Amino acid sequence: MYFLRDAQNNLWQYRGRNALSVTIICLSFLILGVFISLSNNLRHVADEMSDSMVVVFFLAPNVTAADLSTIEQKIRASPSVVRVEYVDRQQALERFRKNFPDLREILANLGTNPFPPSFEATLQPGSFRSDDILGFIEEVKNVTGVEDVQFNRDWVLKLQSLSRLARAVGFFLGGILILASFFIISNVIRLNVFARKSEIEILRLVGATNTFIRLPFLLEGVTLGILGSLLSLGLLFVLIKFFPLYLGHSLGALQDIVGFRYLSSSQAVSLIAAGAFMGALGSMSSLSRFLKI
Amino acid sequence: MIELYHISKQYEEGQWALVDINLNVLKGDFWFITGPSGSGKSTLLKIIFREILPTRGQIVIDGVNILRLPDHRIYKLRRTMGIVFQDFRLAFHKKVFENVAIGLHVLGIPLKEVRLRVFNALRLVNLHQKMWEYPSHLSYGEQQRVAIARAVVNEPQILLADEPTGNLDPELAAEIMGVFKEINKRGTTVIICSHDKELIRHFGDKILFLFKGKIIGKEVLPSSRR
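Residue numbers (our numbering), protein chains in the order written: chain A, 1 to 293; chain B, 1 to 226.
Just chain A, same shape as in the assembly (with noise of 0.2 Å):
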């Protein structure tokens, strides 16, 4: 095929400059990508915090069996309890020890366990943001024996709502860059289109048709915006793939959250769709200003 031997000569004629037009196309996808990982992640995490929400109530350490029975009761009467797992002084200090390692010590030389008892109430995936559960929670805290709650609905919201912050502010930067990115491409198809224009005027005067002296164009942009979008992701997968290596554990519980989940099939088959249309448009806005034919 003409066009296709025509945009791959053009393409490493002017390797330079159509390098640099790559390289920018790739730092502003991976700006984006970076940002849709992150908010990917944090919309994980605040995923599996929400489909297990579980609401603790601490008991005073001195609670009766007859107090016992009728918070548990209390508990399993609501309609978005699911589970009620009740969680013994023992049990909490072991619980404790097993997932902190490290301040063992710190236990021991307490010298007695600061642990009280509790209920562990598992709700149904979804139920926590309705506000029955807040009066429901009230409703529980007032009985006696019950010492105090813990409910990270709270924490999830702002989760999702940081998910969805992290992936508005993507959008916007890497937005912004895509602009720059479309402008680079545009003007890096007008160069080619001035340095070439000696063949543009042969081929108009041979009777090529539009079709025929703009496609080579426009598959020099389509393919700048892939290699540009393809690179990126490659880069993202690098990055993904070491940096909380970087970081090592000092990151602790946080490392769930930095250790960046990579995007999507579908969402990399966007960011290289996203990429192809730039560069198309890119061309064609170019080819539209400086090629009247």
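No wet-lab data here; the hints were simulated from the structure.
There's no promise every hint is true.
Lysine to any residue pairs mimicking SDA-like chemistry, simulated, CA-CA at most 25 Å apart [stated by the list, open to error]:
hint, chain 1, residue 1, chain 2, residue 2
1, A, K197, B, T80
2, B, K130, A, N9
3, A, K197, B, N126
4, B, K95, A, R214
5, B, K95, A, W12
6, B, K94, A, Q8
7, A, K197, B, E198
8, B, K94, A, S198
9, B, K94, A, L191
10, B, K112, A, F212
11, B, K94, A, Q13
12, B, K46, A, F212
13, B, K94, A, L11
14, B, K95, A, F212
15, B, K95, A, F194
16, A, K241, A, L230
17, B, K94, A, L215
18, A, K197, B, I74
In this text, all values refer to a predicted model and were calculated from it rather than measured experimentally.
We have chain A; now place chain B onto it with these hints.
The following block gives chain B in isolation, referenced to the frame of chain A:
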């Protein structure tokens, strides 16, 4: 074949380049348009291949009024023509082969046939041995021959040439005119602009004399000479 009716052309500066030109070129004709510099020869050619539009008049080519052709249909007209420019108009970043092949690529001819046709066209102008060189490595005369090969490679119905032998020595000029004659014998209508009196005297069949944009004479030699 080509009918020009009352063609006049006024440039933006107000100067008239052509005034009331009437000409009827028949299929298979071999015309010379001659006259001093600024007589309107090149303007007339540009109007025929619709690079510029006349201020007045009409042109009919093969029954089609080309002035009424919409811009997006001009390519069809150009595909029937081969054009040799005074300034060659070569793509200097492409090799001789690609320069000549460009018109065939436009027509979508397969590469195998393109190679054969380009080779034959270059052989016609005796440049086949420089097929893989860049035009910048060629002499002026050779560049002109590349332009001629490009114009004839798709065996056009009409061949327009603006001073095609301007940079060639008399021997080579005669050789190139021989090429044009050969193409003409195959049925192509040829119109050549030239002010080379010697060349016209030797090769001219039908001659149009222009002076300051006006026709000052037409000469049609007897068919025996042709």
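Margin query: Of all the hints numbered above, which does this structure not satisfy? Sort the numbers upward.
Written below: Structure breaks hints 3, 7.
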